Amino acid sequence: MEMSVVMGAIILICIFTIIFIKQKKFDAGKHYDEMQLKIRGDGYRLSYFVTVMCMVALSFGYEMGLERFVSPAFGIFATLMLGIVIFPIYCIVKEVFFPLGQKGRYYIVLCAIVVVINGGVGVMHIMDGTVIQNGKLVFEYGSNLVCAAAFAALLITLACKTVYNKRRDDR
Amino acid sequence: MKNLKMKSARAAKDLSQDELAARCDVSRQTISAIEKGDYNPTIKLCIAICRALDKTLDELFWEE
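Chains as they are written, first to last, in my numbering: chain A, 1 to 171; chain B, 172 to 235.
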């Protein structure tokens with residue numbers, strides 16, 4: 001693996017660790033109420049089953065020759081990202097993603113940063129022609145696009161939900 | 172089943188769902204779901220709602 005990828009991963013891990021620790025302190029007084037916890041539990045279950053079903057589908061796909069088009073590492077990563085992103089999208093739709101009293105601007109900014117960085121790197125890889133090698137989508141250069149797409153889906157869901165709530169409140 | 176008793180008790184106190192939710196330390200969606208009958212609160216939350224609305228458990232949550 002390239003040194004730049006390793007360095008980028010280490011920097012990202014450090015950034016997210018710092019953000020996580022700061023967020024823990026910031027959220028110290030905040031909590032989810034009982035109904036929110038129940039719905040979040042449903043979200044975890046949905047996310048788990050989607051991940052499992054997608055992994056099974058992926059296995060069948062590779063048995064049928066999907067490996068000609070998608071490298072196994074990319075396939076597994078994309079499947080895991082799908083399973084991971086299902087939970088926050090479900091929670092956003094059910095209005096249980098943010099704890100009581102939290103507006104979520106911090107998360108929106110964070111998602112936007114992740115989309116921009118990963119999207120930018122992904123576009124560069126597409127222009128370099130490194131995303132597809134020997135007719136296959138590869139993990140090393142395609143993972144950024146998957147990350148950008150996942151976080152973009154979160155942002156779009158947040159935006160749509162905000163607009164919907166505003167229209168509902170106006171009515 | 173809708174909880175009309177709770178809704179009318181809340182209206183009698185001139186409280187919005189947001190205000191009642193804040194007093195009970197829950198989200199507005201939870202109060203809305205309880206009133207619509209979409210969610211059964213725990214006894215702890217029932218007691219909190221009764222305290223906020225100055226009613227007894229029977230008056231708000233007993234089904235006739």
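Be a bit skeptical, because a hint or two may be false.
Straight-line Cα separation of at most 16 Å, EDC-like style, residue types lysine to aspartate or glutamate; simulated pairs [to be verified]:
1) A:K166 x A:E95
2) A:K136 x A:D33
3) A:K30 x B:E206
4) A:K94 x A:E2
5) B:K226 x B:D209
6) B:K215 x A:D33
7) A:K94 x B:D185
8) A:K103 x B:D189
9) B:K184 x B:E234
10) B:K215 x B:E235
11) B:K173 x B:E234
12) B:K178 x B:D225
13) B:K173 x B:E206
14) B:K215 x A:E67
15) B:K184 x B:E235
16) A:K38 x B:D209
17) B:K173 x B:D225
18) B:K176 x B:D196
DEER-style ranges, computed between Cβ atoms [claimed, not checked]:
19) B:R199 x A:F60: 22 to 30 Å
20) A:R105 x B:R194: 24 to 32 Å
21) B:K173 x A:I19: 40 to 48 Å
22) B:K184 x A:V93: 30 to 38 Å
Just so you know, these hints were derived from the structure itself, not from any lab.
Predicted model only: the values in this text are computed from it and were never measured.
Cβ coordinates follow ideal geometry from the N, Cα and C atoms, glycine included.
Regarding the pair A:K30 and B:E206, is the alpha-carbon distance no greater than 16 Å? violated (24 Å)
B:K215 paired with B:E235 [C-alpha distance capped at 16 Å]: With a Cα-Cα distance of about 22 Å, the restraint between B:K215 and B:E235 is violated, given a limit of 16 Å.
Between the beta carbons of A:R105 and B:R194, is the distance compatible with 24 to 32 Å? At roughly 26 Å between Cβ atoms, B:R194 and A:R105 fall inside 24 to 32 Å, so the hint holds.
Decide if the proposed pair is consistent with the structure: B:K176 and B:D196, CA atoms, cutoff 16 Å inclusive. Violated, because 20 Å separates the two Cα atoms, which is more than 16 Å.
Under the criterion that the straight-line Cα-Cα distance not exceed 16 Å, is the pair A:K94, A:E2 satisfied? Violated. A:K94 to A:E2 sits at ~41 Å, over the 16 Å cutoff.
Is the straight-line distance between the alpha-carbon of B:K184 and that of B:E235 16 Å or less? violated (23 Å)
Against the 16 Å threshold, does the CA-CA distance of B:K215 and A:D33 hold or violate the hint? It holds: about 12 Å lies between the C-alpha atoms, which stays within 16 Å.
Hint consistency between B:K226 and B:D209 [alpha-carbon to alpha-carbon, up to 16 Å]: violated (21 Å)
Are the Cα positions of A:K103 and B:D189 separated by 16 Å at most? holds (15 Å)
Given the hint that A:K38 pairs with B:D209, test it: the Cα-Cα distance must not exceed 16 Å. Holds - the C-alpha atoms of B:D209 and A:K38 are around 13 Å apart, at most 16 Å.
Confirm or reject the claim that B:K184 and A:V93 have a C-beta distance inside 30 to 38 Å. The hint (30 to 38 Å, Cβ to Cβ) holds, given that B:K184 and A:V93 are roughly 31 Å apart.
16 Å limit on alpha-carbon distance, applied to hinted pair B:K184 and B:E234: Cα-Cα ~22 Å, so violated.
When each numbered hint is compared with the structure, violations occur for hints 2, 3, 4, 5, 7, 9, 10, 14, 15, 17, 18 and 19.
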